[in-house]
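Protein chains: 2
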Amino acid sequence: MRKVAVVGVGHGKFGKRTDATLRELAFEAVIPALEDAGITQNDLEAGVVTIAGEEFAGQGAPSALVGDYTGIQPRPVFRVESACASGTAGLKAAYGMVSSGLHDIVIVVGVEKMNAVSSVRATELMARAGDTRWEYPFGVSFPGFYALFATRHMHEYGTTKEQLAMVGVKNHYYGARNPVAHLPKEIPLEEAVNAMIIAWPLGLYDCCLISDGGAAAILMSEEKAREYTDTPVWITGVGSGSDTMMVAERPSLTSLSGVKRAARDAYKMAGIEVKDVDVAEVHDCFTIAEIMAYEDLGFCKAGEGGTFIEDKQSYIGGAMPVNVDGGLKSKGHPIGATGVSQCVELVKQLRGECGERQVEGAEIGLSHNVGQTGQFANVLIYSR
Amino acid sequence: MRKVAVVGVGHGKFGKRTDATLRELAFEAVIPALEDAGITQNDLEAGVVTIAGEEFAGQGAPSALVGDYTGIQPRPVFRVESACASGTAGLKAAYGMVSSGLHDIVIVVGVEKMNAVSSVRATELMARAGDTRWEYPFGVSFPGFYALFATRHMHEYGTTKEQLAMVGVKNHYYGARNPVAHLPKEIPLEEAVNAMIIAWPLGLYDCCLISDGGAAAILMSEEKAREYTDTPVWITGVGSGSDTMMVAERPSLTSLSGVKRAARDAYKMAGIEVKDVDVAEVHDCFTIAEIMAYEDLGFCKAGEGGTFIEDKQSYIGGAMPVNVDGGLKSKGHPIGATGVSQCVELVKQLRGECGERQVEGAEIGLSHNVGQTGQFANVLIYSR
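Protein chains in written order, with our numbering: chain A, 1 to 384; chain B, 1 to 384.
One should not assume that every hint holds.
[As the list claims (entries may be wrong)] A few chain B residues facing chain A, derived, Cβ under 10 Å: (1) Arg79; (2) Gly90; (3) Leu189; (4) Glu227; (5) Asp230; (6) Thr231; (7) Gly241; (8) Ile316; (9) Gly317; (10) Ala319.
[Claimed, not checked] With a straight-line Cα cutoff of 27 Å, these simulated BS3-like cross-link-like pairs (lysine-lysine) come out: (11) A/Lys3 x B/Lys301; (12) B/Lys312 x B/Lys275; (13) B/Lys3 x B/Lys268; (14) A/Lys161 x A/Lys268; (15) B/Lys161 x B/Lys312; (16) A/Lys3 x B/Lys312; (17) B/Lys275 x B/Lys3; (18) B/Lys185 x B/Lys161; (19) B/Lys3 x A/Lys268.
These are computed hints drawn from the structure, not numbers from a lab. Built from N, CA and C at the ideal position, the CB exists for glycine as well.
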């Protein structure tokens, strides 16, 4: 297995980007990534484009459009899709192509244009990622699924609505310090707790944003990485798993078995334990999802996620800094871009380029990216 | 680079499958593939699901559904999409994961349920794979694009409508001998030439079918392949390329530059020349596409594709047997399944299991799979 490094990263502005089309959002990420790597499109051998839903932008087979507009063409592209975990699935596919020797330099471009449709329509399109025979027709959309997880977590472990809200408060605290964040403002705890209910117990500040934006990462073989950079960030662990399609079939509503499998395999491949991780990006599509991630990834024991955030253990200075870029909650969640955006943040953290959000001396980073309600789960380990 | 073999293949019945849902079509392919490989789902490490359009079946993130229903879950899946070249793009991604050592056994499941919507709606959905700002709004759908290629080929090289029709006649001849074909009946040349015009010069028998169906292939590392089979079929070449998004920007309408790049790279990686290929599966979405493939792949010179079929060089016994399973034209074209279906046919050909369609002594097979109008192009070489 050849070693694989991330050598260049680029990130566009996340937000309600009425000023940019899908292809332009991709362009905003690809060009900085190429500049960061010190290469041009001519050095690329292939591209992987991660876009979750073609119905958002109304473009079929959208990776061709992205490949053409960003100058990857005439080199090949394909699209990888795993709902909200598309970005890390694309990174996994690219890792395989580079590690195997099929290609030496591959760009992964994550992008989504969600606000071309209304937020109601976007929610409906996302709901179709639930089982369209046995879940979607009965009206379950994603806030509803995660509300089920939250109420069960409250029932089993005594987790409180305030603890849920604290996750949002933390992520907005850091997002306010991230120039590419969709909603870069701090939210007082009281406001978060008392916000309009979306699906009880989840209020407005428990739910991530519907965002437009792009992120890109350039992967290279060890030989190429040594040629182009003195600060490669290695992908040292790749783990993935899945949970049942229907939430009703699961033995637990407070844990995602696919995440546990992914974490186990990623730690093993990287040859590390959870205590070795210095900074983590986790999939906080809802605040309960971040709390479940603390537990499934082993940052704390099952049931202790609520006190983990209450004790500020996931702030910088705590046991495990989590989502210090603002996470999906404040930075935003253009779904196909999110896993790649996590990669961008971790590469910058391991290079020490994050300014006031920097986790000092970070050497190992973890990315946790979940699709649907756990049907897709990827954990990637990055090391400097 | 570790060697990768195809050890098991499975193929469902292609057709207008009103009796089966998307997940059931996948099941029909996965189970025979597992049986063929002599393994169960427990031996799998991951799955790649290739589905071109989620709007056909109305299921978002459909790979989770397929993974769950076919028993790949709790192992991970992701979806690879490259329009009509999705199947081979998925095989490429799986090749990378196995060759790199990330996984030892990966299943690739290609499936599409196109007839859940009307054929008019299906044609419209496919048209959206053209540029939705600069092509689709002006009414160009795929028969129109390929009609442009055909008229230009006729103008430049004197190719005739009869020669186009001969491709359809050949593919129906062989499709009539393939039990999984969608339309397993022979078509007389006169009927093909005089058929209803879809987009001149392309008539009804110049256009492939809108099909439902699934195909699956199980890829293994060399070590695992030696453990499970005495007849591994190796993937020895993987090449890919892309053409411009807009057809209007291309220097030629009679050749696909991405196919030439893909073929060059695939031949080089396999260490072969075109004359070493014994049997080919090419992407005959329209009869002109097969003629262009003869030329771009080097089976004959540019402009000679028309006489190549007229001289029956692509029949068994000719210079290069092409689509002896019936091709997209007669076997059918459930778009996400097609590249995997080509793999199934070639594996069976190289194992000598094709009965009256068998190319005797075939040792090297070529798969050519094109998405959109060449924006995606993959060429794979299989060797026994």
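Tell me if the straight-line CA distance from B/Lys312 to B/Lys275 falls inside 27 Å. This hinted pair holds, its Cα atoms lying about 17 Å apart.
CA of B/Lys3 to CA of A/Lys268, is that 27 Å or under? holds, 24 Å
Please check whether B/Gly317 passes as an interface residue: C-beta within 10 Å of a C-beta belonging to chain A. At about 34 Å, which exceeds the 10 Å cut-off, the nearest Cβ of chain A leaves the hint on B/Gly317 violated.
Let me know if the C-beta of B/Arg79 comes in closer than 10 Å to any C-beta of chain A, holds or violated. The hint holds - B/Arg79 has a Cβ within 10 Å of chain A, the shortest such distance being about 4 Å.
Taken at face value, is the distance from the CA of A/Lys268 to the CA of A/Lys161 at most 27 Å? violated, 35 Å
Status of the hint placing B/Gly90 at chain A (closest C-beta pair under 10 Å): holds, 8 Å
Restraint outcome when B/Gly241 is required to lie within 10 Å of chain A by C-beta distance: holds, 5 Å
Taking 27 Å as the top limit, are the C-alpha atoms of A/Lys3 and B/Lys301 close enough? It is violated: about 42 Å lies between the C-alpha atoms, which goes past 27 Å.
Quickly compare the C-alpha distance for A/Lys3 and B/Lys312 to 27 Å and report which way the hint goes. violated, 49 Å
Taking only the CA atoms, is the gap from B/Lys3 to B/Lys268 under or equal to 27 Å? Satisfied, since the Cα-Cα distance of roughly 16 Å is no more than 27 Å.
Chain A contact restraint on B/Glu227 - CB to CB distance below 10 Å: violated, 20 Å
Let me know if the C-beta of B/Thr231 comes in closer than 10 Å to any C-beta of chain A, holds or violated. violated, 24 Å
When held up to the earlier numbered hints, the structure conflicts with 3, 4, 5, 6, 8, 9, 10, 11, 14, 16 and fits the remainder.
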